[in-house]
Every structure is written in C-alpha cells, then in structure tokens.
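J.: Residue numbers (the working numbering), protein chains in the order written: chain L, 1 to 399; chain G, 1 to 385.
Keep in mind that the hints are not guaranteed to be accurate.
Distance condition first, Cα-Cα at most 27 Å in a straight line; then the derived DSS-like pairs of lysine-lysine [as the list claims (entries may be wrong)]:
1. G:370 with L:63
2. G:261 with L:90
3. L:2 with L:65
4. G:261 with L:272
5. G:118 with L:45
Worth flagging that the hints you see were computed from the coordinates, not collected in a lab. Predicted model only: the values in this text are computed from it and were never measured.
Chain by chain, the residues:
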Amino acid sequence: MKRVVITGMGIVTGLGLGKDENLSGIIEGRDAVREITSFDTSVYKKTLGAEARGFKFPVRLKKIKTARYDRAAKLVLAAADEAFGEAAFKGGPPAHTIVVLGTTLGGMISGAAYHRELLAGKPGRHKHLYDYLACSQAADVSTEWGLTGQTFTVSNACASGANAIGFAFREIRSGRLDTALAGGFDTMCEFTYAGFNSLQAITRSRCSPFDKNRDGLALGEGAAVLVLEELAQAEKRGARALAEITGYGESSDAFHITRPEPTGEGAAAAIKEALAVAGIAPSDIDYINAHGTATIFNDAMEAAAIKRAFGAAAKTVPVSSVKAMIGHTLGGAGAAEAVISILALRSGILPPNINYTTPDPDCDLNIVDRPGQKASLKRIMSNSFGFGGANAVLVMQSY
Amino acid sequence: MQHAIVITGIGAITPAGIGTQAFWDAVINGRQCFVESERFAPIGRLCAQVSGVDSALSDRRFRRAADISKYALVAIKETVADAGLDLAKLDPARIGLVMGITHGAINFTREFHAGFVKDGTAGASPMYFSDSVLNAPAGNVSIALNIKGPTHTVVGDSNAGFSALSYGLRLLEHGNVDVCFIGGAEELDAVTAGAYAKLNLRSPNDGGAEDIRPFAPDKNGFIIGEGACVLTLERMETAVKRGAKIYARIASADFFAQPQKAASLAPGFAGVDVLVSSGANGTRFDEFEATLLSTALSGAASMRLFCLKRLLGESFAPAGVMQTAAAALAINLSVTPPSSIAYPLPHELAVCGNTAVNAKVAVASGAGTKGSGYIVTLEAPRRDG
Numbered sequence: 001m002k003r004v005v006i007t008g009m010g011i012v013t014g015l016g017l018g019k020d021e022n023l024s025g026i027i028e029g030r031d032a033v034r035e036i037t038s039f040d041t042s043v044y045k046k047t048l049g050a051e052a053r054g055f056k057f058p059v060r061l062k063k064i065k066t067a068r069y070d071r072a073a074k075l076v077l078a079a080a081d082e083a084f085g086e087a088a089f090k091g092g093p094p095a096h097t098i099v100v101l102g103t104t105l106g107g108m109i110s111g112a113a114y115h116r117e118l119l120a121g122k123p124g125r126h127k128h129l130y131d132y133l134a135c136s137q138a139a140d141v142s143t144e145w146g147l148t149g150q151t152f153t154v155s156n157a158c159a160s161g162a163n164a165i166g167f168a169f170r171e172i173r174s175g176r177l178d179t180a181l182a183g184g185f186d187t188m189c190e191f192t193y194a195g196f197n198s199l200q201a202i203t204r205s206r207c208s209p210f211d212k213n214r215d216g217l218a219l220g221e222g223a224a225v226l227v228l229e230e231l232a233q234a235e236k237r238g239a240r241a242l243a244e245i246t247g248y249g250e251s252s253d254a255f256h257i258t259r260p261e262p263t264g265e266g267a268a269a270a271i272k273e274a275l276a277v278a279g280i281a282p283s284d285i286d287y288i289n290a291h292g293t294a295t296i297f298n299d300a301m302e303a304a305a306i307k308r309a310f311g312a313a314a315k316t317v318p319v320s321s322v323k324a325m326i327g328h329t330l331g332g333a334g335a336a337e338a339v340i341s342i343l344a345l346r347s348g349i350l351p352p353n354i355n356y357t358t359p360d361p362d363c364d365l366n367i368v369d370r371p372g373q374k375a376s377l378k379r380i381m382s383n384s385f386g387f388g389g390a391n392a393v394l395v396m397q398s399y
Numbered sequence: 001m002q003h004a005i006v007i008t009g010i011g012a013i014t015p016a017g018i019g020t021q022a023f024w025d026a027v028i029n030g031r032q033c034f035v036e037s038e039r040f041a042p043i044g045r046l047c048a049q050v051s052g053v054d055s056a057l058s059d060r061r062f063r064r065a066a067d068i069s070k071y072a073l074v075a076i077k078e079t080v081a082d083a084g085l086d087l088a089k090l091d092p093a094r095i096g097l098v099m100g101i102t103h104g105a106i107n108f109t110r111e112f113h114a115g116f117v118k119d120g121t122a123g124a125s126p127m128y129f130s131d132s133v134l135n136a137p138a139g140n141v142s143i144a145l146n147i148k149g150p151t152h153t154v155v156g157d158s159n160a161g162f163s164a165l166s167y168g169l170r171l172l173e174h175g176n177v178d179v180c181f182i183g184g185a186e187e188l189d190a191v192t193a194g195a196y197a198k199l200n201l202r203s204p205n206d207g208g209a210e211d212i213r214p215f216a217p218d219k220n221g222f223i224i225g226e227g228a229c230v231l232t233l234e235r236m237e238t239a240v241k242r243g244a245k246i247y248a249r250i251a252s253a254d255f256f257a258q259p260q261k262a263a264s265l266a267p268g269f270a271g272v273d274v275l276v277s278s279g280a281n282g283t284r285f286d287e288f289e290a291t292l293l294s295t296a297l298s299g300a301a302s303m304r305l306f307c308l309k310r311l312l313g314e315s316f317a318p319a320g321v322m323q324t325a326a327a328a329l330a331i332n333l334s335v336t337p338p339s340s341i342a343y344p345l346p347h348e349l350a351v352c353g354n355t356a357v358n359a360k361v362a363v364a365s366g367a368g369t370k371g372s373g374y375i376v377t378l379e380a381p382r383r384d385g
C-alpha cells in the first residue's frame with residue numbers, strides 16, 4: 001500500500017478566509033455564530049448561524065467568470081486556490097488530478113432564486129440554472145485548473161466531505177492514482193435553514209455540543225479542500241507534507257432517514273475500521289475531532305459510539321466539536337474539520353469545544369472545554385455522521 | 001481492472017414498465033415510450049414517465065416517500081431477486097450501495113421550498129425536507145435492505161449513472177465490499193422540465209417536430225424521462241463460487257474529459273458488437289460523444305448502434321445504468337438490439353452498421369452537459385476471470 005500525504009489545504013469558514021485566520025480563531029476559541037444575514041430572517045424567531053462574512057473571491061482566477069456562479073462555487077474555488085497554492089506544483093497541479101467534493105446543496109442558492117421567480121409569476125432567469133446542479137462546482141474546479149482527471153460529487157449528507165477525502169485516500173493508497181483534490185462545501189441557504197428549523201433541530205440559545213443543556217445545531221457555511229498525494233511523488237518533487245492520512249472507515253446505520261441509530265453501533269463500526277486501516281489502537285489516538293452537532297440525539301449517539309470503539313481510552317482521549325465555533329457546514333463539515341484537525345496537529349493546540357459548561361452523563365467524554373490547551377499530538381481522528389445513516393471517520397497523523 | 005467484476009443482477013423501472021422484462025421488450029422491439037405529459041404543464045408535451053410504481057412497491061413503510069425513492073426501492077428489490085441473493089445470509093457491513101442522482105427528489109424539494117416561501121415556517125413540511133436530501137433514495141434503500149456497508153450518493157449530470165458504476169467498482173476492487181449495488185434514479189418534475197426547455201435542451205428547440213434524434217443533423221433536443229435501474233456487481237470469484245448467473249464482465253469503465261483521449265481504448269475495440277450510446281440526449285453534446293466514440297472505435301470493424309434515449313428519453317442519472325443493463329442483456333441473450341435510428345449517422349460513426357450478430361462485446365457510452373464522457377466495456381464472462 002502507498003502512503004498518502006497532504007501537501008496543500010484551503011479553507012473558508014465563519015472564522016475567516018484561509019488557514020491563518022481559521023487557526024487563530026481555533027486558538028482563541030472564537031465564536032463565529034451570529035444572527036444570519038444571508039437571507040430574510042423575519043419569519044423566524046431567532047436565526048443563528050456562522051456565515052463566511054467578508055468573504056472575497058480571489059481575483060486571480062482566470063477561467064471562471066464569477067458573476068454567474070453560485071456562492072458555493074466561489075467558496076470552493078477560493079479554498080482550492082489556497083490549497084493548490086500551498087501544494088506549489090511546478091506549472092500547476094497535474095492535469096490528471098481527480099477532484100472529489102462533498103456537498104448537500106451544490107448551487108441551491110441559485111436554484112432557490114430561480115424557483116422564487118417562478119413562484120412570483122416571473123419567468124425564471126437562465127443565470128440561476130448554470131451552476132445549480134450539485135456536480136457543477138467540482139466541474140468548475142476542473143475547468144479553472146485545466147484538470148482532466150475524473151470528478152466525483154459525493155452527497156452523503158453531513159458525512160459528504162469526509163467521504164470525499166476517504167475516497168481519494170483509498171484511490172491513492174491503492175496505487176491507482178497519485179494526486180487528488182478532495183473536500184467539501186456548502187453555503188448558508190434558507191432552504192436548509194427552513195428544513196432544520198422544521199425539524200426543530202436549530203438552537204434557540206447557543207450551539208453547545210455535548211453540553212447537558214444543548215438544544216440544537218447552528219448552521220454554518222464554508223468550503224475546505226486538501227491536496228492528497230502519494231508520498232513518493234510528493235518527496236520527489238520536494239513538496240512539504242503537512243500531515244499523513246492513515247485511516248478511513250465508513251458505514252451505514254440502515255436505521256432512519258434523519259435520526260442516528262442510538263446505540264452508536266454503525267458509527268463505532270466506522271471508527272473501528274478507520275483504526276484498523278491505520279493499524280493503530282484506540283489508545284494511540286491523541287485527539288478526536290467530533291461530529292458534535294449539538295443536537296440531543298447526535299451527541300449522545302456519538303458519545304456511545306466513541307465508548308463502544310475506544311473502550312477504556314474513551315475516558316481520557318480529548319474530544320471536541322468545532323461546530324460551536326464554525327457552525328454545521330453540512331457537506332463541508334468533514335473537510336473543514338479535517339483541515340482544522342490538521343491545523344491542531346501541527347500547532348499542538350487542541351481546538352476547544354466552546355460553550356461547554358454543564359457535563360452531560362450521556363456524553364461523559366473528556367471534552368476540551370477551554371481554548372488554548374496544549375497537547376502533544378501525533379495521531380488524530382475526525383468523525384462525520386449524516387442523514388441517511390452515513391458514517392465516515394478519518395485518521396490522520398503528523399508527518 | 002485488478003479484479004474481474006461481473007454483473008449478476010438487473011432491476012429496472014422505466015417508462016417501458018415495471019421490471020427488466022418490460023425494459024428489454026421495449027429495447028428489442030424498438031418501442032418509443034413517450035406519452036403526452038399528464039403530470040405537469042404544458043400538458044401535451046411529450047415525456048417518458050413511469051406508471052404504476054405504488055402498486056409495485058412492496059415495502060409499505062415507504063409509501064409516502066418521494067417517487068425517486070420508490071423507483072430506487074422497486075429496482076433494487078428486483079436486482080436482488082434476479083441475482084439470487086439472500087441478503088439475510090450476508091454480512092450487511094460487506095454490502096455496498098452507490099446511487100447516481102442528478103436532481104434528486106425534486107418534487108419534494110420544490111414543494112418544501114414553495115411551502116416556506118408562501119407560508120413561512122407554517123408551510124415548511126419536515127417530511128418533505130427530510131426526504132428531499134440528495135441521499136434520501138440511497139438512505140431509504142439502505143434501510144429497506146439493511147445495507148450497513150458503504151452507502152453513497154454520487155451526483156452528476158447525464159453521466160451520473162456511469163459515475164456511480166465507476167465509484168462502485170472501486171469499492172469492489174479495493175475489497176471494501178463483497179457485493180455492490182450500483183444504480184441511478186430520477187423523477188419527473190415541472191420545474192426541471194421547464195428549466196431544460198429554457199436552456200434550449202428539450203425538443204423541439206427549433207420549432208420542428210417533437211422527437212429525440214441522437215446524432216441527427218436536425219436533432220432538436222431531448223424528451224425528458226425518469227425511472228431507476230440498479231445493477232448487482234460482484235467479484236467474479238464470489239459470483240462463480242455461489243453459482244450465480246453472470247450477465248457480463250465489466251472489462252473497463254473509463255472517464256474522459258477530452259474525447260480525443262479515448263484513442264487509448266482503440267486497440268481493444270476491434271471486436272465490439274453492440275454500442276449502446278447515450279446519443280448524448282439529442283443535444284449539442286452529441287458532438288462530444290461522437291468524437292469520443294469515433295476515436296475509441298477507430299479500430300473496430302462494424303457494430304450495431306443502439307440509442308436507448310431514443311426510446312426512453314433523457315432520464316439523466318439512471319440513463320447510464322440502463323444503457324449498461326441493455327449492453328449486459330445483449331451479451332447474456334446473445335442478441336443485438338435493433339438500431340433505433342432510421343436516419344443517416346454522421347461520418348464519425350460510419351463504422352456503425354446494421355448487421356445483427358451474437359453480441360460478445362458491448363459498449364455503453366455517455367456524454368454529459370459538464371463536458372465529459374464515459375465508455376464502459378462489457379464482455380461475455382470467462383470463468384477463468
């Protein structure tokens with residue numbers, strides 16, 4: 001089996017544009033959740049979310065005419081620009097690079113705008129259609145960088161971003177490919193807000209994963225992508241390896257379309273597989289970046305899954321969810337949290353689980369409850385779970 | 001491919017009817033399954049719609065699910081039975097599922113959106129929302145069949161079914177699963193149909209007769225369709241060990257962003273008997289596929305060209321899976337479906353003759369609106385792998 005390293009990363013979240021702003025936000029424990037401004041919120045009682053405010057599209061991109069593209073494309077292109085820039089391929093990324101992106105919405109902002117025009121009795125405008133399909137944004141990335149490798153858009157709800165990275169990892173690990181851009185994205189869109197609101201899954205107070213008084217998630221928006229390379233190729237071209245991906249596990253609950261399976265059996269199976277692929281024991285993991293949505297059911301299930309898979313080590317391994325800071329970026333979550341996990345790995349500072357004040361007996365984990373805690377980090381795990389019973393787990397280590 | 005992967009089951013629900021037999025009957029008889037639309041305005045425009053799904057849906061837990069999920073459920077039940085699999089005897093963690101989707105549960109998506117736009121929070125139906133997510137069909141299928149292994153939804157344009165096939169092949173090649181269901185599903189909807197008309201992709205985009213004429217000089221768009229098709233894939237050794245019926249071996253499944261790159265396939269294409277083309281949906285994207293095919297087939301002698309979309313319309317995600325199913329059936333039954341084209345083909349496709357032969361090698365191809373294509377090659381199974 002080949003070894004898979006990460007040679008570039010790009011990220012846009014509510015904490016900022018790029019790795020530096022996100023790292024400083026994590027170290028400080030900054031809360032990016034605010035009143036939402038992306039859409040008219042007057043019909044809702046209280047709307048909290050983490051928008052990528054102040055996002056500016058990098059103007060140096062050439063082929064994509066940004067005016068007609070959905071905000072989703074702009075976010076993911078900005079992240080890809082940062083990642084490819086860091087990977088520093090001579091003459092640009094190899095043409096055969098595959099692009100694997102996870103999303104739940106694709107260009108839904110455009111699609112909703114088109115449908116709103118129809119509902120208002122107007123002819124929908126063409127400009128809303130070009131970038132609507134959820135596969136459009138991966139094609140946009142390929143177009144901008146002249147890539148001819150296969151593109152995949154994975155939509156496994158909130159596990160999409162992790163699944164996209166996992167797919168690319170397996171491809172390179174097996175020797176089939178040597179280079180991939182993988183990640184995920186989603187925008188702050190009223191469609192999903194209204195949806196999670198209708199499911200009564202959105203917080204009315206503050207997003208506090210694993211807290212006894214948690215009352216729901218805060219939506220976020222963002223994009224994050226990673227350049228994955230086969231180690232020997234990366235070394236040959238003198239690239240700097242930021243981290244190594246060593247494990248990936250996935251499973252399906254086969255239980256309910258929106259509710260997680262409460263015993264955590266499916267999620268635990270994905271965790272165990274990721275550890276087995278990495279060839280390590282639970283006690284070798286120094287930090288778990290949890291899915292931690294702050295809903296009653298997810299967090300209790302995730303705690304149960306961690307205890308199932310980790311046994312005694314579950315009591316000591318530091319755990320946190322960054323969704324209290326960046327919100328739930330849905331298809332982008334697995335990717336954004338993988339990037340944040342690697343930033344933590346490299347900085348030696350644990351991402352805090354902000355807003356955590358009251359321990360929950362159902363979530364009796366070693367929660368990272370304060371920002372700025374230093375730790376010796378060698379191997380970390382990032383969990384992602386989603387509607388439809390999708391479970392995806394990544395293991396990464398320093399290189 | 002590292003492992004020989006074979007097709008051991010087919011399930012289909014198409015505008016030709018419920019089940020693979022109805023699908024194949026339409027193929028072999030060249031029957032166009034277009035009707036005047038009943039479900040959406042403008043009434044009277046042609047579409048290719050599925051009928052009778054509710055009576056075919058055996059699992060009543062999903063009676064309120066979106067049509068796209070019902071189509072997927074009906075198709076997968078048939079492919080499981082066709083493959084002779086008793087899923088209860090298999091490790092559910094070693095079963096995979098990859099569904100190709102283009103627009104998803106677009107009727108529920110539209111209803112949910114219209115609900116909250118018109119009536120605010122009171123109009124936002126949680127049922128519509130939870131079943132509108134793009135992976136709802138795969139999620140519902142995994143629940144129905146207790147699939148606990150990798151369960152994925154791959155979103156794409158008209159190539160989505162081929163993308164799902166390609167993705168599922170990886171799960172088998174990497175050894176993550178022992179059996180993998182790959183499929184595609186889509187449902188008709190007024191907004192989608194209107195949007196493609198606005199994009200000038202639906203027939204008749206030139207004011208002429210309403211039809212779908214792949215590769216024709218006077219092609220004028222597609223007729224929109226729907227349905228689902230799911231294939232059972234296994235490694236050859238697994239299928240042989242359990243004595244499964246094998247439709248065909250998947251010799252290759254290649255993606256092309258540049259049609260000229262298909263030249264790499266030419267040396268192996270001398271013996272292609274049947275070409276199940278997408279016809280790239282009878283739009284300007286035909287040119288991409290014609291170049292793709294003429295490049296790949298430059299070494300071929302003569303073959304039968306069959307355009308499935310000329311009979312079943314443009315169903316997007318399931319189309320590539322239906323084409324692959326047609327190619328597999330042609331091999332399994334040793335027949336060549338009649339050419340569904342009665343007009344001159346462009347010179348790039350001059351190799352396509354009309355001679356009926358016993359099909360041993362069949363190709364399914366497609367080109368999507370995002371500027372890429374697939375070529376999937378199937379061969380009669382060789383038990384030595």
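J.: For every hint, state whether the structure bears it out.
T.: Now for the hints, and whether the structure bears them out:
| no. | hint | verdict |
| --- | --- | --- |
| 1 | G:370 with L:63 | holds, 15 Å |
| 2 | G:261 with L:90 | holds, 24 Å |
| 3 | L:2 with L:65 | violated, 38 Å |
| 4 | G:261 with L:272 | violated, 41 Å |
| 5 | G:118 with L:45 | holds, 17 Å |
Taken one by one, the earlier hints fail for this structure at numbers 3 and 4, listed in ascending order.
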